[in-house]
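Trainee: With the hints as your guide, set chain B onto chain A.
Next come the chains, spelled out residue by residue.
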Amino acid sequence: MSETSRVTWEGCSVLLDINDGDRLVFARLSPAAKLKIGNKNCSLQPLIGSPFGTVFQVDGTVLSPAQGNVNSADEIKDGQVNVESRDNRALVDNNTAQSLTGEDIEAMRKQGAKGNEIIEALIANSATFDKKTAFSQEKYRLKKQKKYAPKVLMRRPVARSICEAYFKKYPSKIGFLRVDTLSLLLSMANVSSNSDILVVDMVGGLITGAVAERLGGTGFVCNSYLGKAPYSMDIVRIFNLSDEICKRILRSPISDLLSQKETAEQILQHDDVCNVESQSNDQMCASTSIEEISHLSENGISDPGAKNTEPVTKACKAPKAGEKAQQEVIDLWKKNGFSSLIIAAPELDTWTLVRDLMPLLANSAPFAIYHQYLQPLANCMHNLQLEKMAIGLQISEPWLREYQVLPSRTHPCMQMSAFGGYILSGTKICSSS
Amino acid sequence: MLACDPAKRLSFNQTISNGDLVIVYEKHDSMKAVTASEGSILQNRYGVFKHSDWIGKPFGSKVFSSKGGFVYLLAPTPELWTLVLSHRTQILYIADISFVIMHLEIVPGCLVLESGTGSGSLTTSLARAVAPKGHVYTFDFHEQRAGSARDDFERTGLSSLVSVGVRDIQGEGFPDEFTGTADSVFLDLPQPWLAIPSAAKMLKQDGTFCSFSPCVEQVQRSCEALRTYFTDIRTFEVLLRTYEVREGKMESLHEESNGSNGSLPSKRRQCSDGNYMFSSTISTVMAKPSGEARGHTGYLTFARLKCL
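Which chain is which? The protein sequence lines are A and B, in order.
The letter at position 153 of the first sequence is residue 153 when you use my numbering, and the numbering goes up by one with no holes.
All you need for my numbering is the position in the second sequence, starting with 1, plus 1000.
Same shape as in the complex, but just chain A (with noise of 0.2 Å):
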């Protein structure tokens, strides 16, 4: 059971995307896991075993697979817009047109209606329904599902979608990284199977977490970190990453990467400071599963998981990734050099770390820089310039629109995100001395 699973299993992490994205849910999956969908707390046990893409519908407290042609927001359509003769010149909008009230739909609910049932009365109770277009009539019953039988479809937590929901929800913790930059940084960098990747990573693991489903559980992520305490890394807990792949993704400070090589004496007091780091490390872990939580109130993301399955068992927790790695993987590190370079690290100073971080590149090796700002990239680029170590730079910022598609009702998204952060790309040459 792992990244390529194409069904759940118990212990499993899931994107619960409710209602076309309205709410954005990570989900360990357990039998005892709940999951408050409007004021239901309902199990999340029919989704274990389930394909990932299922749709499923909320009756009562139970979540089940929805039957037959599920509404959603890109299927609305009516095909006959040119010939259309419907309009709302005669709508007014004044409250009176729905005749259920409230009490009658709380009374349906009592005697056992589905959602569905509930909508169809609120339609047929509609004296407007009937003078709405085709596309109106649509978004009504649209809305009506959303709040009467809200669906929830069980995604896949890769890359992609781990990133997307981040950015929509929650994007100061990746950093305002969007989904097309994180692409880039990927691409500009060429993680590819076998590489050993050195990343400064301090947007809470997206990118550490992207770059070791791209190694595929070969070569090595080194997410490295200034000072004593590792940044943190909870966001990789959320891939349903194999433990091939988590034994390749290791820590190392900075400073041991850039030692020479070591005395026993100092290995001996750098062992130390390893004891000292996992403390750290494992504080940071409860603290921020904490936070995590308070997320879920506030923005829609977390992982209930944290909250819900505390009496679970070993079995279900997510592999452990980010050892501290060893002094011989870092010696062939040393002696290698790494494969590139990916640096998200908008609270340390660009030039100063890249300069330093260079020389433990291959020669040859492309590097990306993710800044949300473009003055540090353009610092470091004009100092990379002038020092010589890197050609082909540039600085890139990507722009993404989407699109609504329709039969004669096509046009650019009305929302779009205006800015996704900049890219610092280049090779390192060889220093000319």
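Don't read these hints as lab results, they were simulated from the structure.
For clarity, every value in this text was computed on a predicted model and none was experimentally measured.
Note that CB positions come from ideal geometry on N, CA and C, so glycine has one too.
Where hints are given, some of them may not hold.
Straight-line C-alpha distance at most 30 Å; calculated DSBU-like pairs for lysine-lysine [stated by the list, open to error]:
(1) 388/A <-> 1249/B
(2) 247/A <-> 1306/B
(3) 1306/B <-> 169/A
(4) 1288/B <-> 388/A
(5) 168/A <-> 1204/B
(6) 1133/B <-> 247/A
(7) 114/A <-> 1306/B
(8) 320/A <-> 1062/B
(9) 1067/B <-> 388/A
(10) 143/A <-> 1306/B
(11) 335/A <-> 1008/B
(12) 324/A <-> 1067/B
(13) 1204/B <-> 247/A
(14) 1133/B <-> 335/A
(15) 132/A <-> 146/A
(16) 334/A <-> 1204/B
(17) 388/A <-> 1050/B
(18) 1204/B <-> 1133/B
(19) 1062/B <-> 335/A
(20) 1306/B <-> 147/A
(21) 1057/B <-> 388/A
(22) 334/A <-> 1057/B
(23) 388/A <-> 1032/B
(24) 1267/B <-> 334/A
(25) 36/A <-> 1306/B
(26) 1201/B <-> 334/A
(27) 143/A <-> 114/A
(28) 1306/B <-> 168/A
(29) 335/A <-> 1057/B
(30) 34/A <-> 146/A
(31) 1306/B <-> 40/A
(32) 36/A <-> 139/A
(33) 139/A <-> 1306/B
Now the stretches of chain B that chain A is said to cover, found in silico as 3 or more residues with beta-carbon under 8 Å [as the list claims (entries may be wrong)]:
(34) 1049-1063
(35) 1198-1211
(36) 1240-1250
Derived Cβ-Cβ restraints for the label pairs, each shown as a range [stated by the list, open to error]:
(37) 1159/B <-> 419/A: 40 to 50 Å
(38) 1027/B <-> 134/A: 54 to 64 Å
(39) 359/A <-> 1159/B: 32 to 42 Å
(40) 386/A <-> 1289/B: 15 to 25 Å
Mentor: Below, chain B without anything else, positioned relative to chain A:
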């Protein structure tokens, strides 16, 4: 090109050997793919370069011509290859390529179907994404073009990851042997809607689909065809804006010379009222978007096979 062959893995000790594919970098916008061979020479506006001088040097080296000009020798990557490959068709560039691979959720081990092969620009990146154990089956109806693509994959060392077939996918669909086996299907065809039923048949449950089309009418028809089999149908356009960076030296005026930047030279100038003004030069690193950019490449339509 890829590190899946440990012998070709980039490292401090990796040097250029006879027969290696090298990207010769002249300038940012001028690169060339060259196969290093003992007795050959490269001639360009910077002079004559002997390949024998390159062999044994590390990738990333600066090498000089007989008349003192220089170029850099880089290890090939799919990104560099896209910039140097011979265009037999219109090709996909880095922004679209990266987005396609991310959105199709292609990871090592995936089986990917592609049509048409074209110049193999996307195929090269697909191969990188599925390596070491996955495979890309790419089809083009143009026999000669398929042959040239095959030669290219041989040259870039990707032949174990890519198979090129000659087939009219719009007319015949993908071969039946792939039914229900593909993780992802990518189409870059003039009438993609004709191949969509076959694409749906080839995909595994919850498999991903992408179609690249330059024209909005193509997108319109594709989306209509997709609705029968697919869900999560989304259309995007992705572009890149690049920036120019330079250090600007600018004059700054102030009334007295003291208090100015000590090390910078100050000039004294007499103003119309007879008083003196002092000016010094300040340098700043500045960035601005490049004046020209690709305005449109194509629309990318993604979809996911419906779960039954």
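Trainee: None of the hints should be skipped; say for each whether it holds.
Mentor: Outcome of the hint check:
| no. | hint | result |
| --- | --- | --- |
| 1 | 388/A <-> 1249/B | 21 Å, holds |
| 2 | 247/A <-> 1306/B | 34 Å, violated |
| 3 | 1306/B <-> 169/A | 26 Å, holds |
| 4 | 1288/B <-> 388/A | 22 Å, holds |
| 5 | 168/A <-> 1204/B | 28 Å, holds |
| 6 | 1133/B <-> 247/A | 19 Å, holds |
| 7 | 114/A <-> 1306/B | 24 Å, holds |
| 8 | 320/A <-> 1062/B | 43 Å, violated |
| 9 | 1067/B <-> 388/A | 22 Å, holds |
| 10 | 143/A <-> 1306/B | 22 Å, holds |
| 11 | 335/A <-> 1008/B | 16 Å, holds |
| 12 | 324/A <-> 1067/B | 51 Å, violated |
| 13 | 1204/B <-> 247/A | 28 Å, holds |
| 14 | 1133/B <-> 335/A | 27 Å, holds |
| 15 | 132/A <-> 146/A | 19 Å, holds |
| 16 | 334/A <-> 1204/B | 42 Å, violated |
| 17 | 388/A <-> 1050/B | 24 Å, holds |
| 18 | 1204/B <-> 1133/B | 18 Å, holds |
| 19 | 1062/B <-> 335/A | 22 Å, holds |
| 20 | 1306/B <-> 147/A | 24 Å, holds |
| 21 | 1057/B <-> 388/A | 18 Å, holds |
| 22 | 334/A <-> 1057/B | 20 Å, holds |
| 23 | 388/A <-> 1032/B | 21 Å, holds |
| 24 | 1267/B <-> 334/A | 51 Å, violated |
| 25 | 36/A <-> 1306/B | 26 Å, holds |
| 26 | 1201/B <-> 334/A | 49 Å, violated |
| 27 | 143/A <-> 114/A | 16 Å, holds |
| 28 | 1306/B <-> 168/A | 24 Å, holds |
| 29 | 335/A <-> 1057/B | 17 Å, holds |
| 30 | 34/A <-> 146/A | 20 Å, holds |
| 31 | 1306/B <-> 40/A | 28 Å, holds |
| 32 | 36/A <-> 139/A | 25 Å, holds |
| 33 | 139/A <-> 1306/B | 22 Å, holds |
| 34 | 1049-1063 | holds (count 5) |
| 35 | 1198-1211 | holds (count 3) |
| 36 | 1240-1250 | holds (count 7) |
| 37 | 1159/B <-> 419/A: 40 to 50 Å | 41 Å, holds |
| 38 | 1027/B <-> 134/A: 54 to 64 Å | 57 Å, holds |
| 39 | 359/A <-> 1159/B: 32 to 42 Å | 35 Å, holds |
| 40 | 386/A <-> 1289/B: 15 to 25 Å | 22 Å, holds |
The structure fails hints 2, 8, 12, 16, 24 and 26 (numbered hints given earlier, in ascending order).
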